[in-house]
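Chemist: Sequence:
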Amino acid sequence: MKNTTYLVFAVLVFLGSVAFNNRTTNPEAPEERSGIEEAPDSEAPEYSEPFDVMMSVLTHQRCVNCHPSDDVPKQGEDRHAHRFDITRGNSTGPTNCNTCHQAENNDFSGVPGAPDWSLAPHSMRWE
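Per this note's numbering, residue 1410 is the first one in the sequence shown, and the count goes up by one each step.
It is worth saying that the hints were derived from the structure and are not from the lab.
There's no promise every hint is true.
Said to hold, decoys possible - Distance ranges between label pairs, derived from CB positions: (1) S1426 to F1460: 47 to 55 Å; (2) E1455 to N1515: 41 to 49 Å; (3) Y1456 to F1418: 51 to 59 Å.
Keep in mind that this is a model prediction, so the values were computed, not measured.
Backbone N, C-alpha and C fix where the C-beta goes; we use that ideal spot for every residue, glycine too.
Whole structure, please, built from the sequences with the hints as guidance.
Modeler: Next comes the structure, spelled out in structure tokens:
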């Protein structure tokens, strides 16, 4: 009989603690809980403007030229193949990116200065 009393007491304490825990961890009514709200209108200006600005940069020819789907970097607004047979990795000719893209911009040739210039990896192709 004594063991049964302890068992009943233990069960009551357990159930009471579960009930108390549920009451204190969820004090808000279901309608007051913060959760998933209605999705914002994706056409609203405050949501589309930052995305539009980002896309105008990512799709600009100066960016896309170095993010091709093939192994040949492009040049110019018409996206022609890079001069001097430059390709991803080591070029077939005697030049690499840093042959022309040095520490500073070259005002005579117009080559941008960037000593660590390289073609973006395939995982970052944008075309």
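Chemist: Falls inside 47 to 55 Å, the C-beta gap from S1426 to F1460?
Modeler: holds (49 Å)
Chemist: Starting from the hint 41 to 49 Å, judge whether the C-beta atoms of E1455 and N1515 obey it.
Modeler: holds (42 Å)
Chemist: When you take the CB atoms of Y1456 and F1418, is the distance between them in 51 to 59 Å?
Modeler: Given a distance of about 58 Å, which is inside 51 to 59 Å, the answer is holds.
In this structure, none of the earlier numbered hints is contradicted; all agree with it.
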